[in-house]
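**Q** As a plain string of letters, each chain reads:
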Amino acid sequence: MIAALRSWKALGTSVHVLATEADALAPASTAVREVLEDVDRAYSRFREDSELSRLNATPGRTVRVSPLLATAIGAAQRAARLTDGAVDPTIGHAIRVAGYDEDFSLVAAKGPQQEVKLRAWRVPGWQAIRFDPQSRTVLLPAGVELDLGSTGKALAADLAARTALAAAGVGGVLVSLGGDIAMAGTPPSGGWRIRIAEDSRVSPDADGEVICLPAGGVATSSTTIRRWMRGAAVLHHIIDPQTSLPATGPFRTVTVAAATCLDANIASTAAIVRGEAAIDWLLSCHLPARLVENDGTIHYIGRWPDPSGLAA
Amino acid sequence: MNSLTPTQRDRGLERLRRLTFGATAGALVAVVGVGYVAAASYAGKSSTNASATAANTTTSTTTTDSSSNSSSSSSSSSLQAAPQAPTTGSSGSGTVTSGGS
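Going down the list, the sequences are from chains E and S. Residues in the first sequence are numbered consecutively from 1, following the working numbering. Residues in the second sequence are numbered consecutively from 1, following the working numbering.
None of these hints come from the bench; they were simulated from the model. All residues carry an ideal CB built from backbone N, CA and C; glycine is no exception. Careful, some of the hints might be misleading.
[What the hints assert, rightly or not] DEER-style ranges, computed between Cβ atoms: (1) E/P141 x S/S91: 46 to 54 Å; (2) E/T62 x S/S90: 33 to 41 Å; (3) S/T88 x E/Q114: 50 to 58 Å; (4) S/P83 x E/P112: 42 to 50 Å.
[Said to hold, decoys possible] On the chain E side, residues computed to face chain S include the following (Cβ under 10 Å): (5) T13; (6) V116; (7) G216; (8) G217; (9) T224.
Use the sequences and the hints to build the structure in full.
**A** Here it is in structure tokens:
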């Protein structure tokens with residue numbers, strides 16, 4: 001039985017903290033807030049005073065970064081390596097050119113009257129980052145700009161869940177950052193119930209598919225949310241590093257369950273970018289997944305439960 | 001049938017030894033060569049167990065603070081599956097929504 005839930009806004013998205021023990025909710029929530037404040041200071045792209053903004057502003061110089069930013073950069077490089085570059089942190093310039101250069105509420109508000117000039121070019125690539133995890137030093141060559149948004153939010157969910165559990169000291173906790181979900185500790189009987197939707201703002205009580213998981217992470221990537229218009233073009237935030245433009249594959253929404261929220265997010269984002277090759281790739285990764293085609297057709301991959309009992 | 005002289009027999013045995021050595025050496029070269037070509041042609045496929053082992057032996061990318069807690073996931077050499085697969089949501093509690101944001 002779940003004792004408590006607390007919700008608020010942070011990192012430009014919604015935060016939900018659940019705890020199995022009533023007394024654990026307050027310390028768990030406090031711990032999550034502190035982690036998210038650290039994350040915002042370390043790698044927000046929309047704060048001029050964040051470590052990441054300062055790093056992006058100093059190309060060609062070796063910079064020693066905090067342990068948290070080093071972890072985030074290491075996670076982003078690992079994501080790029082494991083996805084053959086489908087999830088690449090060097091899309092920073094590309095996503096700014098596409099118009100996503102400030103908090104999303106402001107990006108969407110500008111609307112189609114603001115034009116952008118888009119052209120296809122390949123992003124610099126994660127191999128261009130000179131990063132030494134031991135000394136925590138980073139050198140970005142000129143023209144390389146990092147965006148840790150994709151992996152960064154999922155990593156934050158994992159860190160927040162673990163820190164919250166340590167603060168709670170008992171039971172289990174679940175942290176959701178805009179639909180990227182991390183679990184830690186002892187789950188409720190039967191596991192945590194997770195409603196699967198295209199939009200994380202959909203009520204958990206709404207009709208639809210629900211799964212149960214006792215541990216790990218779940219992440220959903222979608223091209224239907226965080227969209228904006230520039231001129232006649234409809235744009236979204238999942239950039240294909242091969243073209244530096246929003247991905248245009250056959251899948252609009254992908255949800256993946258994995259050992260961590262970070263790995264789930266890496267797989268779901270890569271699946272959107274990989275397009276038709278995503279199903280075979282997810283099968284080779286042994287990750288259960290749910291993919292929604294642009295026409296609404298749903299594919300259940302691996303050990304993802306198929307409501308109709310006809311899993312792929 | 002003529003019987004062989006000791007000299008002829010020794011030459012015959014020597015010839016046999018050379019043939020045996022040559023065949024063995026040739027077979028070894030063929031095994032190594034074909035193995036190399038096969039290894040270079042097909043990189044192989046890692047199993048889940050192999051990935052898990054690799055994950056357990058890699059080192060952390062950080063040394064201090066809460067970020068070090070993520071070391072196992074941020075440094076493992078493959079994407080890691082959850083310990084248990086998801087099930088349909090007829091049991092469990094504490095529903096939240098996973099969706100795009």
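**Q** Decide, hint by hint, whether the structure agrees.
**A** Hints versus structure:
no. : hint                       : in the structure
1   : E/P141 x S/S91: 46 to 54 Å : holds, 52 Å
2   : E/T62 x S/S90: 33 to 41 Å  : violated, 55 Å
3   : S/T88 x E/Q114: 50 to 58 Å : violated, 45 Å
4   : S/P83 x E/P112: 42 to 50 Å : holds, 47 Å
5   : T13                        : holds, 5 Å
6   : V116                       : violated, 22 Å
7   : G216                       : holds, 3 Å
8   : G217                       : holds, 7 Å
9   : T224                       : holds, 6 Å
Violated hints for the displayed structure, listed by number in ascending order: 2, 3 and 6.
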